[in-house]
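Enquirer: Please take these sequences and the hints and turn them into a complete structure.
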Amino acid sequence: MTDPTTPATGGPLVVRTPDELRRALDGRGRVGLVPTMGALHGGHRTLMRLAREKAETVVVSVFVNPLQFGPNEDLDRYPRDLPADVGVCAEEGVDVVFAPEVETMYPAEQMVTVDAGAMGERLEGASRPGHFTGVLTVVTKLFQLVRPDLAVFGEKDAQQIALVRRMVVDLNLPVEIVGAPTLRDADGLASSSRNVYLDAEHRDSALTLSRALRAGVEATAGGAEGVREAARAVLDEAAKATPPVELDYLALVDPATFAEASPEHRGDAVLAVAARVGPTRLIDNVSVTL
Numbered sequence: 047m048t049d050p051t052t053p054a055t056g057g058p059l060v061v062r063t064p065d066e067l068r069r070a071l072d073g074r075g076r077v078g079l080v081p082t083m084g085a086l087h088g089g090h091r092t093l094m095r096l097a098r099e100k101a102e103t104v105v106v107s108v109f110v111n112p113l114q115f116g117p118n119e120d121l122d123r124y125p126r127d128l129p130a131d132v133g134v135c136a137e138e139g140v141d142v143v144f145a146p147e148v149e150t151m152y153p154a155e156q157m158v159t160v161d162a163g164a165m166g167e168r169l170e171g172a173s174r175p176g177h178f179t180g181v182l183t184v185v186t187k188l189f190q191l192v193r194p195d196l197a198v199f200g201e202k203d204a205q206q207i208a209l210v211r212r213m214v215v216d217l218n219l220p221v222e223i224v225g226a227p228t229l230r231d232a233d234g235l236a237s238s239s240r241n242v243y244l245d246a247e248h249r250d251s252a253l254t255l256s257r258a259l260r261a262g263v264e265a266t267a268g269g270a271e272g273v274r275e276a277a278r279a280v281l282d283e284a285a286k287a288t289p290p291v292e293l294d295y296l297a298l299v300d301p302a303t304f305a306e307a308s309p310e311h312r313g314d315a316v317l318a319v320a321a322r323v324g325p326t327r328l329i330d331n332v333s334v335t336l
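Numbering (my numbering), first residue to last: 47 to 336.
All the pointers check out, no bait thrown in.
Calculated lysine to any residue pairs in the SDA-like style (CA-CA distance at most 25 Å, straight line): (1) LYS100 x LEU196; (2) LYS286 x ARG240; (3) LYS202 x GLU283; (4) LYS202 x LEU293; (5) LYS202 x PRO227; (6) LYS187 x VAL148; (7) LYS187 x ALA154.
Since the hints were derived computationally from the structure, they do not count as laboratory data.
Expert: Here is the structure:
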């Protein structure tokens, strides 16, 4: 068994196994967890800062979870750079980085999983079958291992955080779920680990996603259908651009269920979009009040 390690320059304790994690957190007080798959960027920094405001000890998990990737997705090419991630955590004052191997998280074939239910079969779940079962299963494992008082998730993954919140309620898990607003670059693109795949031309096309969402927000006077039409008009033009934006879905949904909002819907809703720009699949969303 290896001992937990701290970078020579100081910074967080880096642990790899459940035993190391337990020793690292013994007597640490109120614990805040930030679950990540690494490739940390500015959006992750906002999650860490929010966790720091609310907890005495901040734990960042870095684990590329194979259970949430489909057979034709980018598991093998997903960016991995643990030293750089630890450096980001050091700059943000993180106390512990939990970076387990796949064999640690899944020592045998995973036979028991957390079913995401009907909400997990919509939008992202329809495009990526089994994705949310993988997400909820690994989040449950992390909750069991870290035993956090709170966990911080980004609102860019709106369906994910909605499902995690519902899981916590339905399974009586003693964890407070905290949402952090989406961080955007100056040009409006939502921060994402997959943005590193975008060259200058693809990035310019990718900006269409946030422009479509803004158009939808500005069309709330037209009700649910007006919001959808305004956003779709932007995306229809983007489909003709070079390089084109290949739309996966555009949906205005009830934030409690992620079912499509009816034409008569009033109150809060989520306008969500997923599209492929070249080889890169991106998602984004915005809250809308009708």
